[in-house]
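**Student:** In case you want the letters, here they are:
2 protein chains.
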Amino acid sequence: MNLGERLLKGDRRACARLITMLENNDDQAINILKDLYKHSGNAYVIGITGAPGSGKSTLTDKIAKEFRKKGKKVGILAIDPTSPFTGGAILGDRIRMNDLTLDKNVFIRSMGTRGSLGGMSRATWGAVKVLDIFGMDYIFIETVGVGQSEVDIVKIADTVLMVMVPNLGDDIQAIKAGIMEIADVFAINKSDLDGADRTKLEIEMNLDLSDQKEYRPPVVKVSARQSENIGELVDKLMEHRKYLEDTGKIVERRKKNIRLEIMKLAEEEFMRLIMNKALGENLLEDLVNNVVLKEMDPYTAKDRLIELIKE
Amino acid sequence: MNLGERLLKGDRRACARLITMLENNDDQAINILKDLYKHSGNAYVIGITGAPGSGKSTLTDKIAKEFRKKGKKVGILAIDPTSPFTGGAILGDRIRMNDLTLDKNVFIRSMGTRGSLGGMSRATWGAVKVLDIFGMDYIFIETVGVGQSEVDIVKIADTVLMVMVPNLGDDIQAIKAGIMEIADVFAINKSDLDGADRTKLEIEMNLDLSDQKEYRPPVVKVSARQSENIGELVDKLMEHRKYLEDTGKIVERRKKNIRLEIMKLAEEEFMRLIMNKALGENLLEDLVNNVVLKEMDPYTAKDRLIELIKE
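Line by line, the protein sequences give chains P and B.
Quick note: the first sequence uses the numbering used here, first residue 1, plus one each step.
Quick note: the second sequence uses the numbering used here, first residue 1, plus one each step.
Check before you lean on any hint, since a few could be wrong.
Simulated restraints on C-beta separations [unchecked claim]:
{"hint": "1", "chain 1": "P", "residue 1": "GLU285", "chain 2": "B", "residue 2": "ARG225", "range": "42 to 48 Å"}
{"hint": "2", "chain 1": "B", "residue 1": "LYS213", "chain 2": "P", "residue 2": "THR300", "range": "35 to 41 Å"}
{"hint": "3", "chain 1": "P", "residue 1": "LYS249", "chain 2": "B", "residue 2": "LYS294", "range": "16 to 22 Å"}
{"hint": "4", "chain 1": "P", "residue 1": "ASN24", "chain 2": "B", "residue 2": "THR101", "range": "49 to 55 Å"}
{"hint": "5", "chain 1": "B", "residue 1": "LYS213", "chain 2": "P", "residue 2": "ASP26", "range": "30 to 36 Å"}
{"hint": "6", "chain 1": "P", "residue 1": "ASP26", "chain 2": "B", "residue 2": "LYS34", "range": "38 to 44 Å"}
{"hint": "7", "chain 1": "B", "residue 1": "LEU279", "chain 2": "P", "residue 2": "ILE250", "range": "20 to 26 Å"}
{"hint": "8", "chain 1": "B", "residue 1": "LEU279", "chain 2": "P", "residue 2": "ARG272", "range": "21 to 27 Å"}
{"hint": "9", "chain 1": "P", "residue 1": "MET205", "chain 2": "B", "residue 2": "LEU260", "range": "37 to 43 Å"}
{"hint": "10", "chain 1": "B", "residue 1": "GLU204", "chain 2": "P", "residue 2": "ASP235", "range": "29 to 35 Å"}
{"hint": "11", "chain 1": "B", "residue 1": "ASP194", "chain 2": "P", "residue 2": "ASP235", "range": "17 to 23 Å"}
{"hint": "12", "chain 1": "P", "residue 1": "ARG272", "chain 2": "B", "residue 2": "LEU283", "range": "18 to 24 Å"}
Taking lysine-lysine and the DSSO-like style, the derived pairs with C-alpha atoms no more than 27 Å apart in a straight line are [what the hints assert, rightly or not]:
{"hint": "13", "chain 1": "B", "residue 1": "LYS294", "chain 2": "P", "residue 2": "LYS249"}
{"hint": "14", "chain 1": "P", "residue 1": "LYS294", "chain 2": "B", "residue 2": "LYS9"}
{"hint": "15", "chain 1": "P", "residue 1": "LYS69", "chain 2": "P", "residue 2": "LYS104"}
{"hint": "16", "chain 1": "B", "residue 1": "LYS255", "chain 2": "P", "residue 2": "LYS34"}
{"hint": "17", "chain 1": "P", "residue 1": "LYS255", "chain 2": "B", "residue 2": "LYS213"}
{"hint": "18", "chain 1": "B", "residue 1": "LYS277", "chain 2": "P", "residue 2": "LYS255"}
{"hint": "19", "chain 1": "P", "residue 1": "LYS34", "chain 2": "B", "residue 2": "LYS310"}
{"hint": "20", "chain 1": "B", "residue 1": "LYS213", "chain 2": "P", "residue 2": "LYS294"}
{"hint": "21", "chain 1": "B", "residue 1": "LYS72", "chain 2": "P", "residue 2": "LYS294"}
{"hint": "22", "chain 1": "B", "residue 1": "LYS294", "chain 2": "P", "residue 2": "LYS72"}
{"hint": "23", "chain 1": "B", "residue 1": "LYS200", "chain 2": "P", "residue 2": "LYS294"}
{"hint": "24", "chain 1": "P", "residue 1": "LYS294", "chain 2": "B", "residue 2": "LYS277"}
{"hint": "25", "chain 1": "P", "residue 1": "LYS277", "chain 2": "B", "residue 2": "LYS310"}
{"hint": "26", "chain 1": "P", "residue 1": "LYS73", "chain 2": "B", "residue 2": "LYS294"}
{"hint": "27", "chain 1": "P", "residue 1": "LYS310", "chain 2": "B", "residue 2": "LYS310"}
{"hint": "28", "chain 1": "P", "residue 1": "LYS256", "chain 2": "B", "residue 2": "LYS294"}
{"hint": "29", "chain 1": "P", "residue 1": "LYS104", "chain 2": "P", "residue 2": "LYS38"}
{"hint": "30", "chain 1": "B", "residue 1": "LYS73", "chain 2": "B", "residue 2": "LYS256"}
{"hint": "31", "chain 1": "B", "residue 1": "LYS310", "chain 2": "P", "residue 2": "LYS256"}
{"hint": "32", "chain 1": "B", "residue 1": "LYS73", "chain 2": "B", "residue 2": "LYS255"}
{"hint": "33", "chain 1": "B", "residue 1": "LYS255", "chain 2": "P", "residue 2": "LYS255"}
{"hint": "34", "chain 1": "B", "residue 1": "LYS294", "chain 2": "P", "residue 2": "LYS294"}
{"hint": "35", "chain 1": "P", "residue 1": "LYS310", "chain 2": "B", "residue 2": "LYS256"}
{"hint": "36", "chain 1": "B", "residue 1": "LYS200", "chain 2": "B", "residue 2": "LYS213"}
{"hint": "37", "chain 1": "P", "residue 1": "LYS277", "chain 2": "P", "residue 2": "LYS255"}
{"hint": "38", "chain 1": "P", "residue 1": "LYS242", "chain 2": "P", "residue 2": "LYS73"}
{"hint": "39", "chain 1": "B", "residue 1": "LYS242", "chain 2": "P", "residue 2": "LYS310"}
{"hint": "40", "chain 1": "B", "residue 1": "LYS72", "chain 2": "P", "residue 2": "LYS256"}
Don't read these hints as lab results, they were simulated from the structure.
Keep in mind that this is a model prediction, so the values were computed, not measured.
Every residue gets a Cβ at the ideal spot worked out from N, C-alpha and C, and that includes glycine.
Using the sequences and the accompanying hints, generate a full structural model.
**Tutor:** Structure, rendered in C-alpha cells:
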C-alpha cells in the first residue's frame, strides 16, 4: 500500500511521514495531496495566534482537550518561526509533555521549515490537508501573530482565535492591533492578572469602531494554566462556526482562503523557477555585478529577470 | 526643474515627495530612481532592529545625534509594520519631538505602506536610494525585528545593529534568536535594569558557538534614555564599517544585498503581473471555484496561473 492509501486508512505513521516530506519540500508529497484532494474538506480549521508570551501553546492544549471531551478527533500544528539564516526552527521541536500526546485521536506536530522562500506556508497548508484526509475533525494551527507570513498562515483557517494578554508593552499591543482584523474570537489569557478588564475594554472599543455588522467577535477572559473558562471559549468558537454555516458564509470564506493559497503557491513556485533559471545561466550574478558597478539599476535588473521567466 | 534634478540639488521637499510616491507605489518615482541610480552609493546604511519594546526609536535618535556631532548628515527611516487588512500603518506616524527634527542636516521619516504585496521592502529600499542621492552620509533603517519581511528590510543594510533588552519573556528572546545571525553589533539597551549582564553573557555564549571567525560582533551595554555609552556604541558601528572596508568585504556585502533586492523586486512584480492577468481574465475566480468544488486541487490551480504568466 502506498503512502496515500495508508493515510486514507488513518495510518498514523503515513501521516507523520507525509508532513515531514512537506517540510522538506518533497514534491512527491504534493503529488499525493493532488490525488487525494477530493477526500479533504471534512475537517474544521481553527487558527490560533497572538503575541509572543501570550500562552498560546497551553491554551491550544486546553482547547484541544475540550474538543476531545466532545469526542472529536483533533490535530494540532504548532508553527515555529524559522530562522531565515540557519534554516532551523527557532523554538525547537517543543515536545508537549501531557496526556494529549498519549491520545491516539490526537495528532500533535511542531513544524519548522528548512529556510525555503515561502516554504512555511506551503508546508503548513499541506499538513492541514494531510490531517484532514487522515480523518481529524478539528485542526488547530498555532502560530506567533507577528509578520506577514505568519499572518498568512493563520488566515486560511475557518475560524481565527486571537490570544491577547493583559499588560504587554505598548509596542506589542500595537503589533497585535495590526492583526486584530482577522480575529473571529478573542481570548484574554492570564486574565487573573491585573489589567485584564482594561484589555477587554480596549478590544471592545476597537470592535465598536469596526464596520463588521452582522457578526461581532466575542471577547472571553480565560486562564489556560488554571483551566478557567475554556468551555465558554470553545462555545464561542462553535458559535462562530455555526454563524458561518447558517449564513452560508463558510463557502465565501473558504473561497477567500483558497484564493490566497493559490496565489501564495504561485509566488513560491515563481521564485523557485527564477532561482533555477537565473542561477543556472549565471544571469543573476551578471546582473548583480552590473548593478554594483552602477552600469545598471536594480529595477532594470528586475525587469530582465521577469523577461527570462516569460521566455 | 523636475523632481529628480531637485533631489540631486538637495531639495528637501523633493526628497519628501519622492518617498511619499514610493509609499504609494507610484512608478514615476521608480523611473526617477532608475535615472539617478548612478548617483547613489555614497551613503552608509545602518539597519537597527530588535524586539518590540526594546527602545529602538530612542536609541536610533541618540545614535543619530552622535553622528551629527561628527558633522555627518543623517537620514532616518522608521518602518511601521503595516496592517495587511486596513492598509494603514500600525504605529501611526510617530512624530519625534526633539531637536533632531529642527536640524536641516537630518531627515526623519516614518514609513508605512498601503497594503501592497511586498510593497514595504520596495518602498523602503527606494527611500534609502532617495536619501542617498539627497546627500545623506548615514542612513538608519529602524524596524521591528520580527517576521520575514521585516528581516528582509533590514538585511540590505551595510551594518546591522541588534537592540536587545534584559528580562524579556523567553518567547520573545527566542524570536530574537532567529535573527541574531544578521547582527554585526549588539546593543543591550536599558542596561540599568537587572539582568543586563546575564543577557550580555547569553549573547556572548551564542557568539562563541557561531562559526564567524574573522569578525566577532561586539556587545555593548547602553541606556538610550540616559544617553549612556552611546559614544562607545557608535565607535563599534564605525569599527564594523572599517572592518568591511579594510578587508574589501563591503563589496561582497553590497553584492549580497543587491541580489536580495533584485529577487524581491522580481517577486513583487510577478505578483502584480499575475493579479492583473488572472483578475482581468476572470481566471483566478474560475480556478478558485473549481478548487472549492473539488474539481481541481490547489496545486494544479497554481500550475495554471504560472502557465498564464509564461504566455
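**Student:** Look at each hint and say if it fits the structure.
**Tutor:** Right, here's what the structure says about each hint:
1. GLU285/P to ARG225/B: 42 to 48 Å: Hint holds: Cβ distance 46 Å, inside 42 to 48 Å.
2. LYS213/B to THR300/P: 35 to 41 Å: For LYS213/B and THR300/P the Cβ distance comes to about 37 Å; the hint holds.
3. LYS249/P to LYS294/B: 16 to 22 Å: holds (19 Å)
4. ASN24/P to THR101/B: 49 to 55 Å: holds (51 Å)
5. LYS213/B to ASP26/P: 30 to 36 Å: Cβ of LYS213/B to Cβ of ASP26/P: about 35 Å, so the range 30 to 36 Å holds.
6. ASP26/P to LYS34/B: 38 to 44 Å: holds (41 Å)
7. LEU279/B to ILE250/P: 20 to 26 Å: holds (24 Å)
8. LEU279/B to ARG272/P: 21 to 27 Å: holds (23 Å)
9. MET205/P to LEU260/B: 37 to 43 Å: Hint holds: Cβ distance 41 Å, inside 37 to 43 Å.
10. GLU204/B to ASP235/P: 29 to 35 Å: violated (50 Å)
11. ASP194/B to ASP235/P: 17 to 23 Å: For ASP235/P against ASP194/B, whose Cβ atoms are near 43 Å apart, the range 17 to 23 Å is violated.
12. ARG272/P to LEU283/B: 18 to 24 Å: Holds - the Cβ-Cβ distance for ARG272/P and LEU283/B, about 21 Å, lies within 18 to 24 Å.
13. LYS294/B to LYS249/P: Holds, at about 18 Å.
14. LYS294/P to LYS9/B: Between LYS294/P and LYS9/B the Cα gap is close to 20 Å, so the pair holds against 27 Å.
15. LYS69/P to LYS104/P: holds (14 Å)
16. LYS255/B to LYS34/P: This hinted pair is violated, its Cα atoms lying about 39 Å apart.
17. LYS255/P to LYS213/B: It is violated: about 51 Å lies between the C-alpha atoms, which goes past 27 Å.
18. LYS277/B to LYS255/P: It holds: about 19 Å lies between the C-alpha atoms, which stays within 27 Å.
19. LYS34/P to LYS310/B: Given that 27 Å is the threshold and the Cα spacing comes to 23 Å, the pair holds.
20. LYS213/B to LYS294/P: violated (31 Å)
21. LYS72/B to LYS294/P: holds (24 Å)
22. LYS294/B to LYS72/P: holds (24 Å)
23. LYS200/B to LYS294/P: Violated: LYS200/B and LYS294/P sit about 41 Å apart, past 27 Å.
24. LYS294/P to LYS277/B: Violated: LYS294/P and LYS277/B sit about 33 Å apart, past 27 Å.
25. LYS277/P to LYS310/B: Measuring from Cα to Cα gives roughly 14 Å; hence the hint holds.
26. LYS73/P to LYS294/B: It holds: about 23 Å lies between the C-alpha atoms, which stays within 27 Å.
27. LYS310/P to LYS310/B: OK: LYS310/P and LYS310/B at ~4 Å, within 27 Å.
28. LYS256/P to LYS294/B: Holds: LYS256/P and LYS294/B sit about 15 Å apart, inside 27 Å.
29. LYS104/P to LYS38/P: holds (25 Å)
30. LYS73/B to LYS256/B: holds (26 Å)
31. LYS310/B to LYS256/P: Between LYS310/B and LYS256/P the Cα gap is close to 25 Å, so the pair holds against 27 Å.
32. LYS73/B to LYS255/B: Judged against 27 Å, a Cα distance of about 25 Å means the pair holds.
33. LYS255/B to LYS255/P: violated (41 Å)
34. LYS294/B to LYS294/P: Violated, because 51 Å separates the two Cα atoms, which is more than 27 Å.
35. LYS310/P to LYS256/B: holds (25 Å)
36. LYS200/B to LYS213/B: Holds, because 19 Å separates the two Cα atoms, which is no more than 27 Å.
37. LYS277/P to LYS255/P: violated (33 Å)
38. LYS242/P to LYS73/P: This hinted pair holds, its Cα atoms lying about 19 Å apart.
39. LYS242/B to LYS310/P: Judged against 27 Å, a Cα distance of about 43 Å means the pair is violated.
40. LYS72/B to LYS256/P: violated (50 Å)
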